[in-house]
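Generate coordinates for the entire structure from the input sequences, incorporating the hints supplied.
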Amino acid sequence: MRQIIFGAFVLVLLAAGNLSAFEGDSFGLPLTLSEPTMVSEIEKSPESFVGKRILITGTVVEVCAKRGCWLDLASDTPFKKIQVKVTDGVIVFPMSARGRTAHVEGVIEEIKLSEKEALEYRSHQAEEKGVPFDPAAVKGPQTIYRLKALGAVIEK
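Per the working numbering, the very first residue in the sequence shown carries number 1; after that it's consecutive.
For the record, the hints were derived by calculation from the structure and aren't laboratory data. For each residue, glycine too, the CB sits at the ideal point set by N, CA and C. Watch out, some of these pointers could steer you wrong.
Unchecked claim - Below, a list of computed lysine-lysine pairs in the PhoX-like style, where the Cα atoms sit at most 20 Å apart: (1) 148 with 44; (2) 85 with 129; (3) 85 with 52; (4) 139 with 156; (5) 81 with 116; (6) 148 with 112; (7) 80 with 129; (8) 112 with 52; (9) 116 with 148; (10) 52 with 116; (11) 52 with 66; (12) 148 with 66; (13) 139 with 85; (14) 116 with 44; (15) 66 with 112; (16) 66 with 129; (17) 156 with 129; (18) 129 with 52; (19) 44 with 80; (20) 44 with 66; (21) 139 with 112.
Stated by the list, open to error - If you anchor each label on the Cβ, the simulated ranges turn out as follows: (22) 124 with 98: 16 to 26 Å; (23) 34 with 134: 40 to 50 Å; (24) 143 with 77: 16 to 26 Å; (25) 67 with 115: 20 to 30 Å; (26) 89 with 129: 34 to 44 Å; (27) 53 with 141: 22 to 32 Å; (28) 148 with 61: 14 to 24 Å; (29) 141 with 52: 40 to 50 Å; (30) 145 with 98: 31 to 41 Å; (31) 130 with 59: 37 to 47 Å.
Structure (structure tokens):
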């Protein structure tokens with residue numbers, strides 16, 4: 001019995017410590033990691049991160065205006081970003097997240113697209129962002145790396 005109470009006490013302390021690490025609006029599961037991975041490290045060797053659970057931190061530069069199902073976080077490398085995707089409806093990121101700092105925990109996923117799939121994907125992305133799409137910009141198959149989010153905290 002004493003071990004159960006001690007175990008519960010340790011879990012409460014860990015949860016309290018985790019909650020105080022990042023303050024803001026929480027989405028999805030509570031964050032369990034405290035040490036972020038630099039987005040530039042993922043950019044250098046994305047295939048080495050596939051399937052790994054990581055925490056990233058960055059400024060939200062864009063949010064899906066249709067369903068709130070993805071957001072783009074600025075990298076620590078100028079003019080680069082990483083997409084954070086959630087299962088539609090499980091987490092809904094608000095448009096007000098744009099410009100705020102986000103801490104997102106999830107698993108890096110690799111998506112291999114044929115040229116036809118890449119055309120459809122890029123066309124869909126352009127539609128969601130409300131920007132023109134140039135099919136000539138898509139040449140050959142593509143591989144996309146993004147973070148499949150499990151939980152996030154967006155600072156106020």
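Evaluation of the provided hints:
{"no.": "1", "hint": "148 with 44", "in the structure": "19 Å, holds"}
{"no.": "2", "hint": "85 with 129", "in the structure": "15 Å, holds"}
{"no.": "3", "hint": "85 with 52", "in the structure": "15 Å, holds"}
{"no.": "4", "hint": "139 with 156", "in the structure": "40 Å, violated"}
{"no.": "5", "hint": "81 with 116", "in the structure": "24 Å, violated"}
{"no.": "6", "hint": "148 with 112", "in the structure": "15 Å, holds"}
{"no.": "7", "hint": "80 with 129", "in the structure": "17 Å, holds"}
{"no.": "8", "hint": "112 with 52", "in the structure": "18 Å, holds"}
{"no.": "9", "hint": "116 with 148", "in the structure": "23 Å, violated"}
{"no.": "10", "hint": "52 with 116", "in the structure": "28 Å, violated"}
{"no.": "11", "hint": "52 with 66", "in the structure": "29 Å, violated"}
{"no.": "12", "hint": "148 with 66", "in the structure": "18 Å, holds"}
{"no.": "13", "hint": "139 with 85", "in the structure": "24 Å, violated"}
{"no.": "14", "hint": "116 with 44", "in the structure": "27 Å, violated"}
{"no.": "15", "hint": "66 with 112", "in the structure": "24 Å, violated"}
{"no.": "16", "hint": "66 with 129", "in the structure": "9 Å, holds"}
{"no.": "17", "hint": "156 with 129", "in the structure": "24 Å, violated"}
{"no.": "18", "hint": "129 with 52", "in the structure": "29 Å, violated"}
{"no.": "19", "hint": "44 with 80", "in the structure": "12 Å, holds"}
{"no.": "20", "hint": "44 with 66", "in the structure": "31 Å, violated"}
{"no.": "21", "hint": "139 with 112", "in the structure": "14 Å, holds"}
{"no.": "22", "hint": "124 with 98: 16 to 26 Å", "in the structure": "20 Å, holds"}
{"no.": "23", "hint": "34 with 134: 40 to 50 Å", "in the structure": "42 Å, holds"}
{"no.": "24", "hint": "143 with 77: 16 to 26 Å", "in the structure": "19 Å, holds"}
{"no.": "25", "hint": "67 with 115: 20 to 30 Å", "in the structure": "26 Å, holds"}
{"no.": "26", "hint": "89 with 129: 34 to 44 Å", "in the structure": "20 Å, violated"}
{"no.": "27", "hint": "53 with 141: 22 to 32 Å", "in the structure": "27 Å, holds"}
{"no.": "28", "hint": "148 with 61: 14 to 24 Å", "in the structure": "19 Å, holds"}
{"no.": "29", "hint": "141 with 52: 40 to 50 Å", "in the structure": "24 Å, violated"}
{"no.": "30", "hint": "145 with 98: 31 to 41 Å", "in the structure": "22 Å, violated"}
{"no.": "31", "hint": "130 with 59: 37 to 47 Å", "in the structure": "21 Å, violated"}
When each numbered hint is compared with the structure, violations occur for hints 4, 5, 9, 10, 11, 13, 14, 15, 17, 18, 20, 26, 29, 30, 31.
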